[in-house]
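For reference, the chains in residue letters:
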Amino acid sequence: MVMVLTRLHFTHPIHLIIGLTLWSLWFVAVYSGLSVACAVAPPPPEAGALTGLNAALGGVSFITALGLVALSWGSCQVAKQHEGRQRFHATVSAWLYLFSAFGVVFAGMPIISVPPCL
Amino acid sequence: MKSVNQEAIEHDPQQLHEDLHTIWGNPKGLRSLTIVNHTTLGLRFMVTGMVFFLIGGILAMLVRTQLAMPDQNFMSPDIYNQVTTMHGTVMMFLFAIPMLEGLAIYLIPKMIGARDLVCPRLTSLGYFCYLFGGIILTSSLIIEMAPSSGWFMYTPLSSKEFAPDLGSDFWLLGITFVEISAVSAGVELVVSILRTRTQGMALHKMPLFAWYILAMALMIVVGFPPLILGSVLLELERAVGMPFFQIAGGGDPLLWQHLFWLFGHPEVYIIFLPAAGIVSTLIPVFAGRPIVGYGWVVAAIAIMGFISFGLWVHHMFTVGIPQLAQAFFSAASMLVAVPTAIQVFVWLATLWLGKPKMKLPMLWVMGFLIIFVCGGLTGVMLALVPFNWQVHDTHFVVAHMHYVLVGGMFFPLIAGLYYWLPLFSGRMPSENLGRWGFWLTFLGFNGTFLIMHWTGLLGMPRRVYTYEAGSGWEIYNLLSSVSSFVLSAGIAMVLLDIALHFRFGKPAKHNPWNADTLEWANTMPPSAYNFVSLPTVETRHPLWDDPNLPHTMAKGMHGLAVASHGRREMWGTDPITGKVREIIHLPGNSWWPLFAAAALAVVCISLLTRVYALAGIFVVIAGVFLLRWSWENGAHPNAAPDAGVKPGDPPLHSRTMDGPGLWAMAVFLIANGSFFLSYLFGWFYLWTVSPEWQMPDIPPLSLLIMSIAGGAVLAGCVVIEKLVRGLRQQRDAGLRASFYLAAALGALQVGLAGWALWRADLSPTQTTHDAVMLVGLVYALFHGGLAVILTVLQGMRVGYGYVGAHAPFEPAVVALLWRYNVVTFWLLVGALAILPRMIGG
Ligand code: HEM
Ligand SMILES: [Cu+2]
Numbered sequence: 001m002v003m004v005l006t007r008l009h010f011t012h013p014i015h016l017i018i019g020l021t022l023w024s025l026w027f028v029a030v031y032s033g034l035s036v037a038c039a040v041a042p043p044p045p046e047a048g049a050l051t052g053l054n055a056a057l058g059g060v061s062f063i064t065a066l067g068l069v070a071l072s073w074g075s076c077q078v079a080k081q082h083e084g085r086q087r088f089h090a091t092v093s094a095w096l097y098l099f100s101a102f103g104v105v106f107a108g109m110p111i112i113s114v115p116p117c118l
Numbered sequence: 001m002k003s004v005n006q007e008a009i010e011h012d013p014q015q016l017h018e019d020l021h022t023i024w025g026n027p028k029g030l031r032s033l034t035i036v037n038h039t040t041l042g043l044r045f046m047v048t049g050m051v052f053f054l055i056g057g058i059l060a061m062l063v064r065t066q067l068a069m070p071d072q073n074f075m076s077p078d079i080y081n082q083v084t085t086m087h088g089t090v091m092m093f094l095f096a097i098p099m100l101e102g103l104a105i106y107l108i109p110k111m112i113g114a115r116d117l118v119c120p121r122l123t124s125l126g127y128f129c130y131l132f133g134g135i136i137l138t139s140s141l142i143i144e145m146a147p148s149s150g151w152f153m154y155t156p157l158s159s160k161e162f163a164p165d166l167g168s169d170f171w172l173l174g175i176t177f178v179e180i181s182a183v184s185a186g187v188e189l190v191v192s193i194l195r196t197r198t199q200g201m202a203l204h205k206m207p208l209f210a211w212y213i214l215a216m217a218l219m220i221v222v223g224f225p226p227l228i229l230g231s232v233l234l235e236l237e238r239a240v241g242m243p244f245f246q247i248a249g250g251g252d253p254l255l256w257q258h259l260f261w262l263f264g265h266p267e268v269y270i271i272f273l274p275a276a277g278i279v280s281t282l283i284p285v286f287a288g289r290p291i292v293g294y295g296w297v298v299a300a301i302a303i304m305g306f307i308s309f310g311l312w313v314h315h316m317f318t319v320g321i322p323q324l325a326q327a328f329f330s331a332a333s334m335l336v337a338v339p340t341a342i343q344v345f346v347w348l349a350t351l352w353l354g355k356p357k358m359k360l361p362m363l364w365v366m367g368f369l370i371i372f373v374c375g376g377l378t379g380v381m382l383a384l385v386p387f388n389w390q391v392h393d394t395h396f397v398v399a400h401m402h403y404v405l406v407g408g409m410f411f412p413l414i415a416g417l418y419y420w421l422p423l424f425s426g427r428m429p430s431e432n433l434g435r436w437g438f439w440l441t442f443l444g445f446n447g448t449f450l451i452m453h454w455t456g457l458l459g460m461p462r463r464v465y466t467y468e469a470g471s472g473w474e475i476y477n478l479l480s481s482v483s484s485f486v487l488s489a490g491i492a493m494v495l496l497d498i499a500l501h502f503r504f505g506k507p508a509k510h511n512p513w514n515a516d517t518l519e520w521a522n523t524m525p526p527s528a529y530n531f532v533s534l535p536t537v538e539t540r541h542p543l544w545d546d547p548n549l550p551h552t553m554a555k556g557m558h559g560l561a562v563a564s565h566g567r568r569e570m571w572g573t574d575p576i577t578g579k580v581r582e583i584i585h586l587p588g589n590s591w592w593p594l595f596a597a598a599a600l601a602v603v604c605i606s607l608l609t610r611v612y613a614l615a616g617i618f619v620v621i622a623g624v625f626l627l628r629w630s631w632e633n634g635a636h637p638n639a640a641p642d643a644g645v646k647p648g649d650p651p652l653h654s655r656t657m658d659g660p661g662l663w664a665m666a667v668f669l670i671a672n673g674s675f676f677l678s679y680l681f682g683w684f685y686l687w688t689v690s691p692e693w694q695m696p697d698i699p700p701l702s703l704l705i706m707s708i709a710g711g712a713v714l715a716g717c718v719v720i721e722k723l724v725r726g727l728r729q730q731r732d733a734g735l736r737a738s739f740y741l742a743a744a745l746g747a748l749q750v751g752l753a754g755w756a757l758w759r760a761d762l763s764p765t766q767t768t769h770d771a772v773m774l775v776g777l778v779y780a781l782f783h784g785g786l787a788v789i790l791t792v793l794q795g796m797r798v799g800y801g802y803v804g805a806h807a808p809f810e811p812a813v814v815a816l817l818w819r820y821n822v823v824t825f826w827l828l829v830g831a832l833a834i835l836p837r838m839i840g841g
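Protein chains in written order, with the UniProt record's numbering: chain Z, 1 to 118; chain R, 1 to 841.
Please note that a few of the clues may not be correct.
[What the hints assert, rightly or not] List time: in silico DSSO-like cross-link candidates among lysine-lysine, alpha-carbon distance up to 27 Å:
#1 R/K646 to R/K555
#2 R/K646 to R/K579
#3 R/K579 to Z/K80
#4 R/K205 to Z/K80
Because the hints were derived from the structure by calculation, they are not lab data.
Just chain Z, same shape as in the assembly (with noise of 0.2 Å):
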């Protein structure tokens, strides 16, 4: 564990923006994998929610949620040991990391009850 959090560099201000790059990727996955299933195979509108692209979907923002939270403990972790300019990157990247995770199971709330093509 130990050696994974060092060899992740969270003292580096890169991480800054990691957590919202993955929150932006994550976004363009599901808008853009919804837009291109609607377009060429949408499930019927009478199966509501309960579809397997929703499942889908579901699917990435869970994974993706839960890597956010997982970087943002390991960065909060770093934080801890260091003092001055490491540990305010680190900090600050902590917090990014657990605002993109928020922000993924945010906008992708809907995914439980709304029907994809409509």
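Chain Z is fixed; fit chain R with the ligands onto it per the hints.
Coordinates of chain R with the ligands only, in the frame set by chain Z:
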């Protein structure tokens, strides 16, 4: 930290000042057009921006006059459309963005302890592109041929069919021209903030304003290219009939909306971020304490920068997008309230815990807080899809938009202008006149736009030139129009105050607001080189922690207090830690930026008047000017032929492998990549969504030829990479031959790709498929050609002795372009030649 050049030698300050002035000082008369200095150009940007604000404001008053009463004939419908469209366009593109960029250009080097921006000639090019583009665009009003399809230029309203006049062309060409300016400034601000902060100023010690500008600049770099692409496509459609946005040939008008709002939503945050940066700078100064939660603000800035790219569809809730997709964008729109709220609470907490002094700038900050929070609330309302459907395209939207734009940008801007006024002029504004100006503006603003929420809720659509008596909207419109004149009076008073203060203002004492940041270590008004010596700064509040700093800086007791070498110099520092890495030497004044911008203006005008031969000639001329400019770099006699530095000082950047030019190239390629990704988005979007899109049965592009071309560009790239690796180890044997070999491979790529294009026999005016394919190939040909030219020039520079083991910098920059070309070319091959074969129509 080991610091460089820090022995506290006493120089003769007067002598030093005179020497620096000889090197940095601005020429007078006609030669003042060659000035590249950021202080002068920042002011030019702002003054020009104010002129456009006045034009935009007059247009707004015309609109309000027309709407004051029902059934008015003050303006004809067509003129009304032109006036509203131009009001929005001028305010957004010619006032808000350039004004804030101008402020950043003026302030950033001063705040981070540098002497200039990192690519001074680019600042100058940016200014002239802005000026010429703005003049071309506004001249359309004079000949009554202004764009009239709204500032968002929706197709098909803006297409040839419904807008046969030149109006749309003025918009598309003029705005693209102005955007060159925005993107140049964006690139340069990113690199300056990352690489030229003074010694010791680590990332987490830099002023918050620099964080805001960094985010804004990166957003410009990523956010503007989609619109540039959209404008290019629409202009191609209008000029030669390539059907990108017409259903008939296989296009889709919605593609325009996507491209526009992909730019348009980030745009409003591009405007808001620097304004918020002003607020975050002023509040701590007037509260007399550091900001509460610096890290929180940094996080909020990052969140805004990203999330705002995931909101664009909230402008398109009524165009028939699947509900689930709408829900994503609705939720994302609400997410952006989080960073906004963080900042508002940080500001309030700072005020709460400090002892705020209600000086004039603070009055505007308070006005901002009130108005902007209201605008934010109506924004969250609009993000709710059902509510959005109710008020879509009504005056409610206009009201919301002005609460966030005027409240979120104009109020902080005026706060900032008042705050930095003593720096510009050495004089203080008048509290009296200034207060009148504020209250009139504040009351007039709310009277105009608060009421507009109600007209909107009552159903009055926006962008209609009149309404009938008896509709129930009369009284509201009248009140709104009357208030807008109060607002104008307020703004006039502010401008009067600013104008008068240059003569009658009390002379300002040093650091008049007791601020903490380095810009106040300048003389007032500042000298052309900002600082006689560059200090070590390891705190967020240099002037609070060492009030004597301006004095020791002026006496030359810190770094780089030398001028005898005749170069314009400043520190190049590590982006994270702020350790000094090299000495950056900057180019002096130059005619090339003006000439290049003038040539581009001729291109713009000849495209407008459809004289394509002339446009072609001037594209070449502009290219020659730009290349000539790039020639005067590195070890060129006009740049830094002699690499001597004082013992103990780091080397000149052109003698290292990692100068700012490399960073500028990288950031520019991010912009370019955003353009390219928007293109790929367009291709796949039309392919999947467009109703009449047709994939030809036989793929027209030869996969074999394209693959060989891809192999050639890859081989060229390998040659360049090897040569750069050699230079890194100080080896430069056979350098010139390697450059020419790479150039030959590049030429082979261009030739082959051109041949594949010719064999494909496309009919780009018949089908959208062929039109899109043509655009992609032309893009690849252009980039391939550019790499060839730059590589040949490098070979020549080796011959002149400007490039080699002693000056290894430039090949590394060119290598980046090669890598970019390899990646984009293969992506194109994949998207245009391989995938269609695999999937088919
Ligand atoms: C100075 C006082 C201002 C007044 C009195 C004013 C007034 C108006 C009015 C009445 C409209 C609505 C036209 C319609 O939909 O029929 C409008 C549109 C607009 N305004 Fe302003 N405005 C002002 C300042 C600004 C500023 C500072 C900005 C941006 C920074 C701005 C950006 C816009 C935009 C983008 C539109 C939409 C134009 C369109 O739909 O084509 N305005 N303004
Ligand atoms: Cu928006």
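Here's how the hints hold up against the structure:
1. R/K646 to R/K555: holds (19 Å)
2. R/K646 to R/K579: holds (18 Å)
3. R/K579 to Z/K80: Holds. R/K579 to Z/K80 sits at ~25 Å (cutoff 27 Å).
4. R/K205 to Z/K80: holds (20 Å)
Violated hints: none; the structure is consistent with every hint.
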